[in-house]
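Novice: With the hints as extra help, turn the sequences into a complete structure.
Listed below, chain by chain, are the residues.
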Amino acid sequence: EPEVTQTPSHQVTQMGQEVILRCVPISNHLYFYWYRQILGQKVEFLVSFYNNEISEKSEIFDDQFSVERPDGSNFTLKIRSTKLEDSAMYFCASRADPNYGYTFGSGTRLTVV
Amino acid sequence: KNQVEQSPQSLIILEGKNCTLQCNYTVSPFSNLRWYKQDTGRGPVSLTIMTFSENTKSNGRYTATLDADTKQSSLHITASQLSDSASYICVVRDSNYQLIWGAGTKLIIKP
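Chain order of the listed sequences is A and B.
Counting in this note's numbering, the first sequence runs without a single skipped number right up to 1297 at its last residue.
Counting in this note's numbering, the second sequence runs without a single skipped number right up to 632 at its last residue.
Warning: the hint list may mix true and false statements.
[Stated by the list, open to error] Capping the alpha-carbon separation at 25 Å, the derived lysine-lysine pairs in DSS-like fashion look like this:
hint	chain 1	residue 1	chain 2	residue 2
1	A	K1241	B	K578
2	B	K522	A	K1226
3	A	K1267	A	K1241
4	B	K592	A	K1226
5	B	K627	A	K1226
6	B	K538	B	K627
7	B	K627	B	K592
8	B	K631	B	K538
9	B	K538	B	K578
[As the list claims (entries may be wrong)] Covered by chain B, per the in silico footprint, the following chain A stretches (three or more residues, Cβ under 8 Å):
hint	segment
10	1196–1206
11	1278–1286
To be clear, the hints were calculated from the coordinates, so they are not data collected in a lab.
Idealized CB from N, CA, C, for every residue including glycine.
Specialist: Written as structure tokens, this is what we have:
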């Protein structure tokens, strides 16, 4: 069964550093998403991406964050100048159509120290 | 305000027993309701998706119900197994494609 692949599975970074989280969505999917989940809390929407541009973003997704689809397969989330409160699981998701279900990746656990 | 509330917050049952998890929502306009299973440290995996007109949907030992009038859903797990230990999250989508996430029910199955 097709999967959404995320790398790395765990990233530790120092406060103030930049990190790039990588995702390979399912190949025929057109809609891409980033979510995050702080330990013990609800899943939170960050951003949706379609047709090479951001279609929607949440209040969390401020200037510190950016997304990119650098080629036909990867979808990245960049976090600039990381803060302690950025520590969370970051999930990438994709789907073929807005009426279809989401397929989530296994997540990247980001720890900012 | 659009909200999804789940109960109980956590639940411990013995292997082989059945259980029912609850989800109440205030999302309007409603498009569909999804139940996800999330293993610790993993991404959510879809169990069921139900639209307004569907009352019951099964996926193996998982059966979801939906009462769109009372805005309530339940997830029933039959003959629980140790591998059912996970968080079960109720997610409601409105007609603007927004997903409203519940906080989840943490289910622990004990041998």
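Novice: Against each hint, give a clear statement of whether it holds in the structure.
Specialist: Now for the hints, and whether the structure bears them out:
1. With a C-alpha separation of about 32 Å, the suggested pairing of K1241/A with K578/B is violated against the 25 Å cut-off.
2. Taking the CA atoms of K522/B and K1226/A, the gap is about 16 Å. The hint holds against a cut of 25 Å.
3. With a CA separation close to 20 Å, the supplied pair K1267/A and K1241/A stays within the 25 Å bound.
4. With a C-alpha separation of about 20 Å, the suggested pairing of K592/B with K1226/A holds against the 25 Å cut-off.
5. The straight-line distance between the Cα atoms of K627/B and K1226/A is roughly 12 Å, inside the 25 Å bound, and the hint therefore holds.
6. A C-alpha spacing of about 16 Å is found between K538/B and K627/B, which places the hinted pair at or below 25 Å, so the restraint holds.
7. Among the hinted pairs, K627/B with K592/B is consistent with the structure: their alpha-carbon atoms are about 22 Å apart, no more than 25 Å.
8. Among the hinted pairs, K631/B with K538/B is consistent with the structure: their alpha-carbon atoms are about 10 Å apart, no more than 25 Å.
9. As the CA atoms of K538/B and K578/B are separated by approximately 20 Å, the hinted pair is consistent with the 25 Å bound.
10. Proximity of the segment 1196–1206 of chain A to chain B, defined as three or more residues with a beta carbon under 8 Å from a beta carbon of that chain, is not established by the 0 residues found.
11. Counting residues of the segment 1278–1286 of chain A whose CB lies closer than 8 Å to any CB of chain B gives 3, so the stated coverage by that chain holds, three being the minimum.
In summary, the numbered hints that this structure violates are 1, 10.
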